[in-house]
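Novice: Numbering-wise, the numbering used here puts 682 at position 145 of the sequence shown, and it's gapless, one number per residue.
Some clues are possibly wrong.
Straight-line C-alpha distance at most 25 Å; calculated DSS-like pairs for lysine-lysine [as the list claims (entries may be wrong)]:
no. : residue 1 : residue 2
1   : Lys579    : Lys625
2   : Lys615    : Lys625
3   : Lys685    : Lys591
4   : Lys591    : Lys580
Pair by pair, the computed Cβ-Cβ distance ranges are [stated by the list, open to error]:
no. : residue 1 : residue 2 : range
5   : Lys615    : Lys685    : 26 to 34 Å
6   : Ser599    : Arg729    : 33 to 41 Å
7   : Tyr590    : Phe540    : 22 to 30 Å
8   : Ser688    : Val542    : 19 to 27 Å
9   : Asn586    : Leu619    : 23 to 31 Å
10  : Lys615    : Ile727    : 27 to 35 Å
I should point out that these hints are in silico values taken from the structure, not numbers from a laboratory. Even glycine gets a Cβ: it sits at the ideal position worked out from N, Cα and C.
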Amino acid sequence: MSFYVEEIERSVNILRKGKNLLYPTDTVWGLGCDAFNLQAIKKICEIKNRNFYKSMIVLVESMDRLHQLVGKIPHFTKKIILDNFVKKEKPITIVYENTKKIASNFFRQDKTLAVRLTHDPFCICLIQKLDRPIISTSANLSGFITPKSFSEIHPFILNKTDYVVNFRRGEKMNNRSSSIIKIVSDQVKILRE
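Use the sequences and the hints to build the structure in full.
Specialist: Given below as C-alpha coordinates:
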(Lines of atoms letter the chains of each structure in order from A and count residues from 1; the text may use other names and numbers.)
(Lines give C-alpha, C1' and ligand atoms only; values in the text may rest on other atoms or scores of the structure.)
Protein backbone atom coordinates (compact mmCIF):
# COMPACT_ATOMS: atom_id res chain seq x y z
CA MET A 1 0.00 0.00 0.00
CA SER A 2 1.39 3.41 -0.96
CA PHE A 3 1.97 6.23 1.51
CA TYR A 4 -0.75 8.28 -0.23
CA VAL A 5 -3.35 5.50 0.16
CA GLU A 6 -2.32 4.95 3.79
CA GLU A 7 -2.75 8.67 4.51
CA ILE A 8 -6.23 8.63 2.96
CA GLU A 9 -7.11 5.58 5.10
CA ARG A 10 -5.83 7.22 8.30
CA SER A 11 -7.71 10.43 7.54
CA VAL A 12 -10.97 8.64 6.77
CA ASN A 13 -10.71 6.62 10.00
CA ILE A 14 -10.30 9.88 11.94
CA LEU A 15 -13.36 11.39 10.26
CA ARG A 16 -15.46 8.25 10.85
CA LYS A 17 -14.65 8.50 14.57
CA GLY A 18 -16.19 11.98 14.63
CA LYS A 19 -12.85 13.72 14.89
CA ASN A 20 -11.36 16.54 12.84
CA LEU A 21 -8.30 16.87 10.69
CA LEU A 22 -6.01 19.49 9.27
CA TYR A 23 -5.54 18.83 5.56
CA PRO A 24 -4.42 20.43 2.28
CA THR A 25 -7.20 21.50 -0.07
CA ASP A 26 -7.38 23.04 -3.52
CA THR A 27 -7.16 26.47 -1.90
CA VAL A 28 -5.46 26.61 1.54
CA TRP A 29 -4.82 24.27 4.47
CA GLY A 30 -8.18 23.52 6.02
CA LEU A 31 -9.76 22.18 9.17
CA GLY A 32 -12.34 19.58 8.29
CA CYS A 33 -14.69 16.93 9.55
CA ASP A 34 -17.70 14.89 8.47
CA ALA A 35 -20.27 17.51 7.40
CA PHE A 36 -23.03 15.48 9.10
CA ASN A 37 -21.34 15.28 12.51
CA LEU A 38 -22.54 18.13 14.72
CA GLN A 39 -20.08 17.46 17.57
CA ALA A 40 -17.10 17.45 15.20
CA ILE A 41 -18.26 20.75 13.69
CA LYS A 42 -18.67 22.26 17.16
CA LYS A 43 -15.11 21.24 18.00
CA ILE A 44 -13.79 23.00 14.89
CA CYS A 45 -15.63 26.16 15.98
CA GLU A 46 -14.02 25.86 19.42
CA ILE A 47 -10.54 25.35 17.94
CA LYS A 48 -10.91 28.43 15.73
CA ASN A 49 -12.69 30.46 18.44
CA ARG A 50 -15.34 30.96 15.77
CA ASN A 51 -18.97 31.98 16.13
CA PHE A 52 -21.08 28.85 16.13
CA TYR A 53 -23.57 30.28 13.66
CA LYS A 54 -21.13 31.54 11.06
CA SER A 55 -21.49 29.25 8.06
CA MET A 56 -18.72 26.99 6.79
CA ILE A 57 -17.95 25.61 3.37
CA VAL A 58 -18.79 22.02 2.52
CA LEU A 59 -16.61 20.16 0.02
CA VAL A 60 -17.98 17.60 -2.41
CA GLU A 61 -16.10 15.56 -4.98
CA SER A 62 -18.76 15.07 -7.64
CA MET A 63 -21.83 16.59 -9.24
CA ASP A 64 -23.82 13.62 -7.92
CA ARG A 65 -22.94 14.41 -4.30
CA LEU A 66 -23.62 18.10 -4.91
CA HIS A 67 -27.05 17.16 -6.24
CA GLN A 68 -27.70 15.06 -3.11
CA LEU A 69 -27.05 18.14 -0.94
CA VAL A 70 -28.71 20.91 -2.91
CA GLY A 71 -31.32 19.18 -5.03
CA LYS A 72 -31.82 20.26 -8.63
CA ILE A 73 -28.93 22.29 -9.97
CA PRO A 74 -30.03 24.91 -12.51
CA HIS A 75 -28.37 24.68 -15.94
CA PHE A 76 -26.74 28.12 -15.55
CA THR A 77 -25.17 27.11 -12.21
CA LYS A 78 -24.04 23.74 -13.56
CA LYS A 79 -22.33 25.47 -16.50
CA ILE A 80 -20.40 27.79 -14.16
CA ILE A 81 -19.27 24.83 -12.02
CA LEU A 82 -18.20 22.68 -14.95
CA ASP A 83 -16.45 25.56 -16.76
CA ASN A 84 -14.51 26.35 -13.60
CA PHE A 85 -13.69 22.70 -13.02
CA VAL A 86 -12.47 22.10 -16.58
CA LYS A 87 -10.45 25.32 -16.76
CA LYS A 88 -9.05 24.72 -13.26
CA GLU A 89 -9.37 28.40 -12.48
CA LYS A 90 -9.45 29.75 -8.94
CA PRO A 91 -11.89 27.45 -7.12
CA ILE A 92 -15.38 28.81 -6.57
CA THR A 93 -17.78 28.14 -3.75
CA ILE A 94 -21.45 28.60 -4.49
CA VAL A 95 -24.05 29.50 -1.87
CA TYR A 96 -27.24 27.50 -2.42
CA GLU A 97 -30.67 28.17 -0.94
CA ASN A 98 -33.12 25.68 0.60
CA THR A 99 -30.63 22.84 0.78
CA LYS A 100 -30.80 19.58 2.69
CA LYS A 101 -29.81 19.43 6.34
CA ILE A 102 -26.16 19.33 7.25
CA ALA A 103 -25.39 18.67 10.92
CA SER A 104 -28.91 19.54 12.09
CA ASN A 105 -28.81 22.84 10.20
CA PHE A 106 -27.25 24.55 13.23
CA PHE A 107 -24.96 26.90 11.35
CA ARG A 108 -27.32 27.91 8.55
CA GLN A 109 -29.80 30.35 9.99
CA ASP A 110 -30.74 31.62 6.53
CA LYS A 111 -31.17 28.07 5.14
CA THR A 112 -28.27 28.44 2.75
CA LEU A 113 -25.24 26.23 2.27
CA ALA A 114 -21.86 27.12 0.74
CA VAL A 115 -20.56 24.20 -1.31
CA ARG A 116 -17.44 23.74 -3.43
CA LEU A 117 -16.76 20.99 -5.91
CA THR A 118 -13.11 20.38 -5.07
CA HIS A 119 -10.37 20.11 -7.70
CA ASP A 120 -7.86 18.59 -5.28
CA PRO A 121 -7.04 14.86 -5.82
CA PHE A 122 -6.41 14.24 -2.10
CA CYS A 123 -9.75 15.81 -1.13
CA ILE A 124 -11.56 13.93 -3.90
CA CYS A 125 -10.17 10.59 -2.65
CA LEU A 126 -10.93 11.51 0.96
CA ILE A 127 -14.58 12.34 0.26
CA GLN A 128 -15.06 9.30 -1.99
CA LYS A 129 -13.62 6.95 0.64
CA LEU A 130 -15.62 8.56 3.47
CA ASP A 131 -18.66 8.62 1.18
CA ARG A 132 -19.82 11.87 2.77
CA PRO A 133 -19.17 15.57 2.20
CA ILE A 134 -16.67 17.27 4.49
CA ILE A 135 -16.47 20.64 6.18
CA SER A 136 -13.68 22.91 5.01
CA THR A 137 -12.69 26.04 6.88
CA SER A 138 -9.32 27.77 6.80
CA ALA A 139 -6.75 26.63 9.37
CA ASN A 140 -6.55 29.89 11.30
CA LEU A 141 -7.93 31.36 14.48
CA SER A 142 -11.05 33.42 13.78
CA GLY A 143 -10.10 36.97 12.78
CA PHE A 144 -6.48 36.08 11.96
CA ILE A 145 -4.83 35.88 8.53
CA THR A 146 -5.31 32.65 6.59
CA PRO A 147 -1.99 30.76 6.41
CA LYS A 148 -0.57 30.29 2.91
CA SER A 149 1.54 27.29 3.90
CA PHE A 150 1.65 24.57 6.52
CA SER A 151 4.54 26.32 8.30
CA GLU A 152 2.36 29.41 8.87
CA ILE A 153 -0.36 27.51 10.78
CA HIS A 154 -0.61 28.69 14.39
CA PRO A 155 0.71 26.14 16.94
CA PHE A 156 -2.62 26.34 18.83
CA ILE A 157 -4.44 25.00 15.75
CA LEU A 158 -1.86 22.24 15.29
CA ASN A 159 -2.08 21.16 18.93
CA LYS A 160 -5.89 21.13 19.10
CA THR A 161 -6.50 19.26 15.84
CA ASP A 162 -7.16 15.52 16.18
CA TYR A 163 -5.06 14.57 13.14
CA VAL A 164 -2.70 16.52 10.88
CA VAL A 165 -2.43 15.02 7.41
CA ASN A 166 1.16 14.16 6.58
CA PHE A 167 1.01 15.22 2.96
CA ARG A 168 2.08 18.38 1.04
CA ARG A 169 3.40 20.05 4.18
CA GLY A 170 6.37 21.55 2.32
CA GLU A 171 4.27 23.18 -0.40
CA LYS A 172 3.26 26.80 -0.43
CA MET A 173 -0.40 26.84 -1.39
CA ASN A 174 -0.86 28.45 -4.82
CA ASN A 175 -4.36 29.68 -4.18
CA ARG A 176 -5.90 31.90 -1.62
CA SER A 177 -9.39 31.23 -0.31
CA SER A 178 -12.00 30.36 -2.92
CA SER A 179 -14.26 32.94 -4.50
CA ILE A 180 -17.76 32.74 -3.04
CA ILE A 181 -20.73 33.49 -5.25
CA LYS A 182 -24.49 33.26 -5.07
CA ILE A 183 -26.59 32.78 -8.19
CA VAL A 184 -30.10 34.21 -8.29
CA SER A 185 -32.19 34.13 -11.49
CA ASP A 186 -29.07 33.46 -13.60
CA GLN A 187 -27.33 36.47 -12.10
CA VAL A 188 -24.01 36.00 -10.29
CA LYS A 189 -23.55 37.92 -7.05
CA ILE A 190 -19.94 37.91 -5.80
CA LEU A 191 -19.81 37.52 -2.00
CA ARG A 192 -16.02 37.07 -1.77
CA GLU A 193 -13.58 37.69 -4.61
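Novice: Of all the hints numbered above, which does this structure not satisfy? Sort the numbers upward.
Specialist: 1, 6, 7, 9 and 10
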